[in-house]
Amino acid sequence: MTIQTRIGRRLVGVARHDGMTYFLEILQPLLEGTGVTLHVFLLTLALSVPFGLGLALLRLSPWRLVGRVVNGYIWLMRGTPLMLQMLFIYFALPFVPVIGVRLPDFPAAIVAFVLNYAAYFAEIFRAGIQSIERGQYEAAKVLGLSYGQTMRRVVLPQVIKRILPPMSNETITLVKDTSLIYVLAMNDLLRAARGLVQRDFTTMPFVVAAAFYLLMTLVLTWGFQYLEKRHAVYDD
Amino acid sequence: MPSTTTELMDVTPMIAARKLYKRFGRAEVLKGVSLTIDKGEVIAVIGPSGSGKSTFLRCLNHLEVIDAGEIVIEGDTLVDTDASGCCRYAPEPELRRICRKMGMVFQQFNLFPHLTVLQNITEAPITVKGLSREAVIPQAEELLRKVGLLEKRDAYPARLSGGQKQRVAIARALAMEPDIMLFDEPTSALDPELTGEVLRSMRQLADERMTMLVVTHEMAFARDVSTRVVFMDEGEILEARAAREMFASPAHPRTRAFLEHML
Ligand SMILES: Nc1ncnc2c1ncn2[C@@H]1O[C@H](COP(=O)(O)OP(=O)(O)OP(=O)(O)O)[C@@H](O)[C@H]1O
Ligand SMILES: [Mg+2]
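Residue numbers (our numbering), protein chains in the order written: chain A, 1 to 236; chain B, 1001 to 1263.
Hints are computed from structural coordinates only; laboratory data are not their basis.
Hints are supplied without guarantee of correctness; some may be wrong.
Unchecked claim - Distance condition first, Cα-Cα at most 25 Å in a straight line; then the derived SDA-like pairs of lysine to any residue:
{"#": "1", "chain 1": "B", "residue 1": "K1101", "chain 2": "A", "residue 2": "K161"}
{"#": "2", "chain 1": "A", "residue 1": "K161", "chain 2": "B", "residue 2": "D1076"}
{"#": "3", "chain 1": "A", "residue 1": "K141", "chain 2": "B", "residue 2": "K1101"}
{"#": "4", "chain 1": "A", "residue 1": "K141", "chain 2": "B", "residue 2": "D1076"}
{"#": "5", "chain 1": "B", "residue 1": "K1152", "chain 2": "A", "residue 2": "V155"}
{"#": "6", "chain 1": "B", "residue 1": "K1152", "chain 2": "A", "residue 2": "V233"}
{"#": "7", "chain 1": "A", "residue 1": "K141", "chain 2": "B", "residue 2": "L1205"}
{"#": "8", "chain 1": "A", "residue 1": "K141", "chain 2": "B", "residue 2": "E1094"}
{"#": "9", "chain 1": "B", "residue 1": "K1152", "chain 2": "A", "residue 2": "S146"}
{"#": "10", "chain 1": "B", "residue 1": "K1129", "chain 2": "A", "residue 2": "A211"}
{"#": "11", "chain 1": "A", "residue 1": "K141", "chain 2": "B", "residue 2": "D1080"}
{"#": "12", "chain 1": "A", "residue 1": "K141", "chain 2": "A", "residue 2": "L156"}
{"#": "13", "chain 1": "A", "residue 1": "K141", "chain 2": "B", "residue 2": "V1128"}
{"#": "14", "chain 1": "B", "residue 1": "K1129", "chain 2": "A", "residue 2": "R153"}
Could you build the full structure based on these sequences and the hints that come with them?
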């Protein structure tokens, strides 16, 4: 069938039922896609932030070799496309000797996202931790705080304030990056929208998907604004 | 006899530093510094810039690691050096326990900016000693009253003047109930009109018989408050004598030159 006839049929369709009915019809699959997107987003965030913090602390540890290994890891993760990493973990990892495991699509995607985003978060944490003056460590030490106590009670609370802007950036990027999981044939928001566009030949699903993404990033923006305001009670 | 017992206990020096050596790369910063400090003494450490005063102080509480020598705090060995010249520190828990006997006040205050004045003071007693908030707040307020800053208890450090910051730093150190207080140029970062309030708090502490080691450029404080003045130059202690003697008749020509320059 030619493009023209398809457009013709679609126009007839639109004429037959109004936009509202169509919107309600596509809402269900798009909401399901949003669920997948949020699932990937939240799991990645929850796992990659602590992992990234751990990497940053290792990177700054007195053991040179450990620091170098972490540097290499960050280079690898930031230097290759996330999509490639995802494809590698899903398709190639099963054939790697010793560590090779076959992961189902969803876990494979999560592992790739966590490994990748942890590298970015590690760099944010490292820069934040290094921005805290030596005097803060010395004051804590002189008061008897251990290294762990110094980190938890003195350094990290100040780091959080300083890294909120870059964290906000990275988190919003993550929302949109989740759309990459389509390569593993998972129905996230964007893939669901694309499916509908191809089926019904109208761009409305794209518009709705865009609105959903905007809504998610709006909530994040507000969340980070709230955090920044809460941390603004003191100046550095 | 009880009096004899106290006297016997009192002869254990608060700080006994013997032949401390410290180098940064090629630069030899401490060249065999020895000093013994008894209970209740207020020692002023003076000397030209770069003579190693700060380094000496920072070695005493393990902010710097010495290359050789011996440091004994109230009879407990923090570090010593064996016959082969090998320098050994006490194991970690012991080391922390010994260092906790010394409070320190820095030139740059180093208050915790994310905590209020009160929280700055209660942080260590709660986190390190494991005391409850309720238990430490009255003590913290008492310390704030002592340094005259009770009305600032809920302010953040950024809102305080330099002199107020330094008085909070003093209160914060005292909250850990140290036996010895180390001060590294506590008034050098302050505007001249703000040094008085800090020196007043320190003087009050000296009146309460706190053992104090104070690196300072405040000659008036050294002369009026300290029991002994130590003159350091190029990594060595050239003289350590009663304040009045030191200012009246410095023995070493370099001391004399320094004092003439300062006064
Ligand atoms: N961490 C360090 N690394 C390298 N050199 C250092 C370090 N700390 C101090 N020094 C050097 O050691 C010497 C003594 O420094 P120190 O800070 O102890 O002197 P000071 O008597 O306190 O001087 P000031 O009156 O200026 O504070 C100086 O030459 C200084 O440059
Ligand atoms: Mg100094």
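Identify every previously stated hint that the structure contradicts and give their numbers, smallest first. Violated: hints 1, 2, 9, 10.
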